[in-house]
Amino acid sequence: MCNNLNDNHKRMLDLLYAMSEPICKEKNIRLGISFPAEGKLNACVYYDHSYSSYQIQIFSDCLHLFYPIETMTDRFTKDDLLFLTRSRN
Amino acid sequence: MIFEHSCNDTYREELNNLFSSIILLHIFFHECGHIIAGHVDKSQSLLYEYDASRKGSFAVQEHEMVADWWSTKQLFNLMFHAVNLFNEDNDEKLRILKKITILYWLSLTLEFQIFDNKHPNHPSDLSSLTHPIPTVRLYYTIEATREGISDVLLQSGLSLENADKGADIIVNAVLDTINSFLGIMNVPIDFKKFDRDVVECYMKLRDIPYEIPRDAQYLHLAPLPDGYRESIEECYRIINEQE
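Note that the protein sequences, when read in sequence, are chains A and B. Under my numbering, the first sequence has 54 at position 54, and the numbering climbs by one with no breaks. Under my numbering, the second sequence has 143 at position 143, and the numbering climbs by one with no breaks.
Bound-form chain B, shown alone:
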C-alpha cells in the first residue's frame, strides 16, 4: 500500500488505504497516459485534468478514454506482478487475477464518483463534457481490464486466442461479485443496468478518431472489432426477450 500503514490499523483504515492507493496510482498513470498518447502539447501551458474553462467534445472525451485505458493496462500488469511475484501455482494466479479485477473496478467506481461529485458538469448534451460520464468510464474499464488480463495470460505463455478466452472467462466470473459489492456501496451505479446510451457513447468514442483525420497525431484505440455492434445488438435482443 502507498499510504502510511500501521499494524494497529482497523480493517476500515486498511480498506481505505487500499482503495486510496489504487485511486492515486490510477490518477498518476492516467496523466502518464496523456503524455504517452501525445495529448500534451509541448508549446501548451498546463493541462489540468478538471478545468472549467476547458471546452469539451467527444474528441476530448476520447483522449480521456485513451488515458484511462492506458492507465488500466499498466496498473493491472503492475498489480498482478507485485502480488504474484514468486507464485507458480496456476489456480492461485487465476484467483489473484479475479481479486485484482474486482478490487481495481471497485476502486475506479469510487474514484469516478468522487471526482464527478466534486466537478459536476452534466449538461443534457453529453457532447460538451471534457470527461465521459462515470458509467461510460466504468463500462470501457471492463474492456480495458479484459485486455489487461489477456496481456498477463499471454506473458504466462498462453496463445493469443486462449489468453483472450481466459480473460473473457475471468471477467464474466467476477461480474456478479462486483455487482454484489456495488449493492453495498453508496454509489448510484448498477453494473447490470448499463443502459443502451452508455454503450452507444462508448462506441461513439471508439469511432471518433476514425472520423476526424486531424487527430491522427495522437495514440488511439484500435477500431472496434468487426461484429462488435452486432454482438451488442444480439445482447440487447436477448435482454429484451427475457424482460
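Same shape as in the complex, but just chain A:
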C-alpha cells in the first residue's frame, strides 16, 4: 500500500499518534495509523497479526475536504469565523 506522505501528512500522523497515546496505554492497545494515497472517502480498521497491532487507515479524500466544506459554508462571514475561533466574544 503506497503511503506517499508529505511533510504535512507526517505532522498529522504524529499528532494522531500523540492524541491517541494515552488511551492506547490505558487500554493496552498497539495502534498503527496510515494515510493510503488511494483516493477514497473512507476509512478502515483491522488487526494486523504480523505486528500484533490494530491498524487504522484513513484514505486520502478524507484529507481533502476543503471543496465540499466550502460549498456548504460559503455564506459564512469573517465575523462568523471570529465568533467560532475566539472565546472572548
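The hints are simulated quantities; they were obtained by calculation from the structure and are not laboratory data. Heads up, the beta-carbon is just placed ideally off N, CA and C, and yes, glycines get one too. Watch out, some of these pointers could steer you wrong.
Using C-beta positions, here's what the derived DEER-type ranges look like [to be verified]: (1) B/Asp151 <-> A/Ser52: 27 to 35 Å; (2) A/Tyr17 <-> B/Ala52: 29 to 37 Å; (3) B/Ala82 <-> A/Asp74: 23 to 31 Å; (4) B/Val83 <-> A/Asp79: 15 to 23 Å; (5) B/Asn87 <-> A/Tyr67: 31 to 39 Å; (6) A/Lys78 <-> B/Glu92: 30 to 38 Å; (7) B/Glu241 <-> A/Tyr17: 47 to 55 Å; (8) B/Leu175 <-> A/Asp79: 17 to 25 Å; (9) B/Thr10 <-> A/Asp14: 41 to 49 Å; (10) A/Ser34 <-> B/Asn162: 39 to 47 Å.
Keeping the supplied structure of chain A fixed, place chain B upon it in accordance with the hints.
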C-alpha cells in the same frame, strides 16, 4: 489546526482548516471507538467504514452510534484541554465549552452530510442501513456532547449532579446559535425540527443491545435512563400544544 496553515490564509481558508481538522479527528477517533468497543474481530479482514457489500441492520447502526459517542467524548475532552490549558477563569471556561460545542456540532453536520452524499444508500427501510441517517447521528451527538461537557465539569471539581446540570445549561444555551449557523449552511438539516422518527430511531438504537444477548461481548451505551421516554413524550405534547 492539523492542516497546513499560513499567516496569509484568508478567513475562509482558516475556517475550512478548522472544520477539516475536527472532521479528520472525528474520523480517526471513530475508528478508535470501533477498536475500544470490540467491534474489530481479530480473525476478520479489513472493516471498511463504508462498504457497499456490508449488510446493514439496527445492530450494526448501534455499533456506529457507540463509535461516534466514544469519539465525541474523547475529542471534546481533548479540544477543551487543548484550548483551556492554562486558563483558571471560570467564566472563560464556560465560554470555551460553549464555543467548542457549537464548533464540534457544526463540524459533524458537515462531515455526515459529505459522507452521506458520497455514500448514499437510503432505502425506505432504515433497518437495512449500516450507518444511522445523518439527522439521527446529529441527534445523539447532542447527548454525547452533553456527557462530554459533564465529564469536563466533573474534572473541574463539580459534583456529578451539578456537572450534569451545568452540561444541560450549556447545551440549551447554544442550541439557538447552532440553529442560526445551520440556517446559513447549505445542509438540509433543521436542528429544531428533529422529527419523531429521528428520536424513535435513536431510542431503538439504545435499546437494541439489551434485546440481543449475543452482542454482549461489545461495549454498549448504558440503557436509557428511567423516565427518558416519558420526558420525550412530554416534550412532544408541549410542542403539539404550541402548534
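Right, here's what the structure says about each hint:
Separation of B/Asp151 from A/Ser52 is about 31 Å and conforms to the stated range, judged on CB atoms against 27 to 35 Å. Roughly 31 Å separates the CB atoms of A/Tyr17 and B/Ala52, a value that falls within the hinted 29 to 37 Å. A C-beta distance of roughly 28 Å is found between B/Ala82 and A/Asp74, which places it inside the suggested range of 23 to 31 Å. The supplied range of 15 to 23 Å is met by B/Val83 and A/Asp79, whose beta-carbon atoms lie about 20 Å from each other.
Against the hinted window of 31 to 39 Å, the Cβ-Cβ separation of B/Asn87 and A/Tyr67 comes to about 35 Å, which satisfies the hint. In this structure the supplied range 30 to 38 Å is violated for A/Lys78 paired with B/Glu92, their Cβ-Cβ distance being about 23 Å. Checked against the hint of 47 to 55 Å, the pair B/Glu241 and A/Tyr17 passes, with Cβ atoms roughly 53 Å apart. At roughly 20 Å, the beta carbons of B/Leu175 and A/Asp79 sit within the given window of 17 to 25 Å.
For the hinted restraint 41 to 49 Å between B/Thr10 and A/Asp14, the CB-CB distance of approximately 27 Å leaves it violated. Taking 39 to 47 Å as the suggested C-beta distance range, the pair A/Ser34 and B/Asn162 conforms, at roughly 43 Å.
Checked against the numbered hints above, the structure breaks hints 6, 9 and satisfies the rest.
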